[in-house]
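S.K.: Chain by chain, the residues:
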Amino acid sequence: MKKKLLSFIVLAGLIMILAACGNDKAQPVSINEATDTCETCNMAVIDNQHATQIILENGKSMVFDDVGCMYEWVTKHENEKIDAQFVRDYHDEEWILVDDATYVYNQSVKTPMAYNVISFKDKATAEEFAAENEGSTIMTANDLAEHDWKQKDDKANHSHSHSDDEKDDHSHSH
Amino acid sequence: MKIMNYIMLLLVLSFFLPAVSEAEGTIQSKINEAQKGAVIEIEEGEYEETLVITKPITLKGKGEILLRSCLSEPVVTISGESVTLKNIKVEHCGDEKEATAIYVTGSNHKLEGIAIETKRFGIRLDNANGVTIKDSEIVGRKQGNGIDLWKSNQNKFENLKINNVLDGIYLEKSDGNTIHRNDIQRSRYGLHLMFSNENVLEENASRANITGTMLMESKRTVVRNNKFLSNNKSVNAQGLLIYLSTDTEVTGNEFISNRVGIFIEEAENNRIDTNKIMDNFIGVQFKKSNENKVIRNTFVGNVNDAQAIESANNQVNGNYWDAASKIDVNGDGKSEIVYSADPYFLTLTNAVPEYQLFFQTPGLILLQNILKSPADQLLTDSAPLMNMTLEVEKEKSTSFSLWVISVVMILSSFSLFIFGRKRR
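Going down the list, the protein sequences come from chains A and B. Straight run, no breaks: the first sequence in full-length UniProt numbering ends on number 174. Straight run, no breaks: the second sequence in full-length UniProt numbering ends on number 424.
Next up, chain A with everything else stripped away, as it sits in the complex:
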């Protein structure tokens, strides 16, 4: 039984490697601080650990200054064909595929658009960061898809309504 499973995994691995060889995998494009702006929020993208990007199937690459902005874009453009999505390692800023990364959500971590999510290339360093910083939640790419992408601070609410709740929101923020 165990042997069967093992050989299956090896075979599956081999097939995946072969499949990978066949395709031209999308490569992340480096950030140009002078001209790159976030596709969602228009802010200049700084070449740091918070930058993310999407490569479309037509080869077009888009950069974002915050992983939250990338998810905003994805939810608003469901019909676009995405080839690959990249985030960066919090420590060494290496580009990693969205699905390969481990994320930490912590409201006291400052990110450019206050979505408070950072990414790590391996789970161990993410766990290490979470252990050192109180209030951290470890997340996977799947969790992110479910994540409620709101800038959590009371003043940072994203709602467009001009109803009374907005005023209430303001009054208890003082």
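Everything labelled a hint here was simulated from the structure, so no lab data went into it. Among the hints, a few may not be true.
Ranges between beta-carbon positions, derived for each pair [unchecked claim]: (1) B:Glu96 <-> A:Ala145: 33 to 39 Å; (2) A:Gln27 <-> B:Leu66: 47 to 53 Å; (3) A:Asp143 <-> B:Leu66: 49 to 55 Å; (4) B:Gly363 <-> A:Asn79: 28 to 34 Å.
The calculated BS3-like cross-link candidates involving lysine-lysine, where the alpha carbons are at most 27 Å apart (straight line), are [what the hints assert, rightly or not]: (5) B:Lys142 <-> B:Lys86; (6) A:Lys60 <-> B:Lys97; (7) A:Lys110 <-> B:Lys142; (8) A:Lys81 <-> B:Lys287; (9) A:Lys123 <-> B:Lys287.
Glycine residues also receive a C-beta, built at the ideal position from the N, C-alpha and C atoms.
Based on these hints, arrange chain B on the given structure of chain A.
M.R.: For chain B alone, coordinates are given in the frame of chain A:
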């Protein structure tokens, strides 16, 4: 003999060194000894020292004072209440990511006549309220913000000159601040507001930055009588950007020679009233923005006056457009011909930016006329004004110098003919 001289010099120098380091300790020790409300005067000179002030005292420079430090902590750290800092030059030479010249927390402090040179941040306000900073100067290296606010309310910034930083004044989650008569140049963003409400930006000048002022997810901002000039050096440059912000009041400002004068994206209920929008590539640009008012503005000499994408429900009325054909039949000062801006070109270049190369080519204008955008996508002023709402002084100097150059060139080319022949 020479060596002897050298040694003597070293000896003399070594005499001075301990004296300097002794002086270093003195300001902080004076601060430590001072009673509440004391005024400490610092003698002229250079001090390699970091200061921590936690009680209400006044620190005043007499003559030229330079406080300098390359350590990771700020040169001056202020906390508590009512600290006053006057006539001091501060230099932070450290290059760590968070390096800051002056760090401020607490309330009711006053900083006046401060000159800052920094590699990263100039002044940081962290949970600081009622602080006044005025008549000061900040020069950076484009690696940190000039003034950086985090959860700091009711502060006042007046008559500051900020140069070559990331963002001139950056506000995050900070409300009710007044930014008055500041001059910000050659930086990334002049003023940058994020998640900050009820701030007043008045009579500032923001020039030659990537973006003059950025309002992001901020409410009830007042932008009055500012100048946004020549923010045009970047492909993403603009005078004022309003993103996801509501109830902004933009009145009496000048937007001159920017790439885009005012860019409004996903923003509602903002009012752009009586501004001068002149010599920009695009005057006003809307993207996915509705329920905004653009009234009584003067649009002169813009390459494109206005463009709108997915922004049908804005009230654009009673502006002066120099590009519009105008006829006033009933003498009410308003033209009977509706003026509309077609977003065709912008929609096209949005998908493929390279099409900007074809801008104003005859083919494209023809295409635009054939493939007219649907009426609900047009930005239309139903009653354009016959006369400007503001005075516009057209520069004569450029055409004058053009004349002079032409005359000189004609004369010199003639002289070539005449003298060239005679010599033979």
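S.K.: Quick one: which hint numbers does this structure break? Sort them smallest to largest.
M.R.: 6, 9
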